[in-house]
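Student: For the protein sequence lines, the chains are A and B, in the order given.
Residue numbering for the first sequence follows numbering that gives the first Met the number 0, beginning at 0 and increasing consecutively.
Residue numbering for the second sequence follows numbering that gives the first Met the number 0, beginning at 0 and increasing consecutively.
Keep in mind that the hints are not guaranteed to be accurate.
What the hints assert, rightly or not - DEER-style ranges, computed between Cβ atoms:
id, chain 1, residue 1, chain 2, residue 2, range
1, B, P117, A, S23, 23 to 31 Å
2, A, A115, B, L24, 45 to 53 Å
3, A, S36, B, Y197, 53 to 61 Å
4, B, L77, A, L64, 50 to 58 Å
5, A, S4, B, I210, 53 to 61 Å
6, A, T11, B, P66, 39 to 47 Å
7, B, V39, A, K238, 49 to 57 Å
Everything labelled a hint here was simulated from the structure, so no lab data went into it.
All of these numbers come straight from a predicted model, not from anything done at the bench.
Virtual Cβ for every residue (Gly too), placed ideally from N, Cα, C.
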Amino acid sequence: MIALSGVDKWYTRQFQVLKDCSLSIDKGEVVVVCGPSGSGKSTLIKTVNGLEPIDGGEIRVGDTLVSDRKTDLDALRSRIGMVFQNFELFPHRTTLQNVTMGQIKVLKRSEDEAVAKAEALLERVELSAHANKYPSQLSGGQQQRVAIARALAMDPMAMLFDEPTSALDPEMINEVLDVMVQLAREGMTMMVVTHEMGFARTVADRVVFMDEGRIIEDAPTATFFEAQGSERAQLFLSKILSH
Amino acid sequence: MTDLDFSVIGANADLLWDGMQMTLLLTVLGIVGGILLGTVLAMLRIARVPVLAQVAALYVNFFRSLPLILVIFWLFFLVPLILGRPVGAFSSVLVAFVMFEAAYYSEIIRAGINSVRPGQMAAARAIGMSYGQSMREVVLPQAFRAMTPILLTQAIVLFQDTALVYVVGLRDFLVSAEIVANRDQRLVEMFLFVALVYFVMSFAASCGVRILQRRLAT
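With the sequences and hints as input, model every part of the structure.
Tutor: The following block contains the structure:
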């Protein structure tokens, strides 16, 4: 469903952030991307919905060629959900309005239809009681769950998660991961940039390890954790699992 | 010291009120027009529209380098020349205010838009909204909220600057007061009164801005 081949990206002429990255994710698959900071994983996930343009290679989502300049990226993005590290809820809108905005403005759903859908999704992430609050009145974990609901409201064919728990206090991480696990179990196609190796072990079909802009390893989850991979991946794992 | 007689104010209240209405009209139209044109200028620069962004930058720097009174003069004398027919003091002055204020407003608005986190634009685009929709629905509302106090402060400056229409003989509050002062030989009373009115209105508005600022900060 998602296929990257030979993706290159330069931030400046000197600095190449993505080097010949190839990766494919099938429908219903959950792929975790991990790696040290600065390895290019956040940039990689943002190329999938065209938020970050690329300089070489090809990206396909479904039958849409993302890397083609003529592609209607707005239409594509409306069908790919994205969750950001810093939530990025719209602070001037209530929780409910955050979840209805895209439905009304992009999918042209009626107000009633959008609200009904939003209410159902907020119930699903256990935030019905907060529908009329503003994002600033919610905890980080709650905000991130609203952000997931906002993405799901568009009925996406795949979900991209860019370090969804990195900005959260430890006690709030699980409430967000629980929603993601549930989503994965329902068969959602997911690409997740995260350091949560517990999550990777539980639900990922494959784990991709990146370093210095390259995909170093792309292995089934069991293989990845069985210490058969590259030295750099093992070193990375030992570092983040030991604390 | 001659005897002061403030009854002259009450006796000419209608004339003065007409002048004040002109002052307020110029201020309000100047603000609205300035913000509209200023938003367009700011958007051209932020969206990096080729050529037009440079034109906008040039425009802003040009007008910010000129005294307002010069712009008022120019438009008063130049616009009729360019159009080949008289346009009236009010129109030429209004155009001058809008063009001049737009240069300042555009910089305030640009700073306001830049103060919104880039992630907000990314999040709006990520749910499939176009660049224009994202600006309208997500970025601009936050930007305007953040810059309301500065926009209002600039509006207070404009309120005071409208007194410059004196040079083209438009009957604003100051000119009306001056007419009364000369006619009735009550210069001291009238100019004291004018100063008091400008002070009270500007100071009250400034206090209002400060209260608003505190409320927005929480």
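Student: In ascending order, which of the hints set out earlier in this document are inconsistent with the structure?
Tutor: The structure conflicts with no hint, since it agrees with every one listed earlier.
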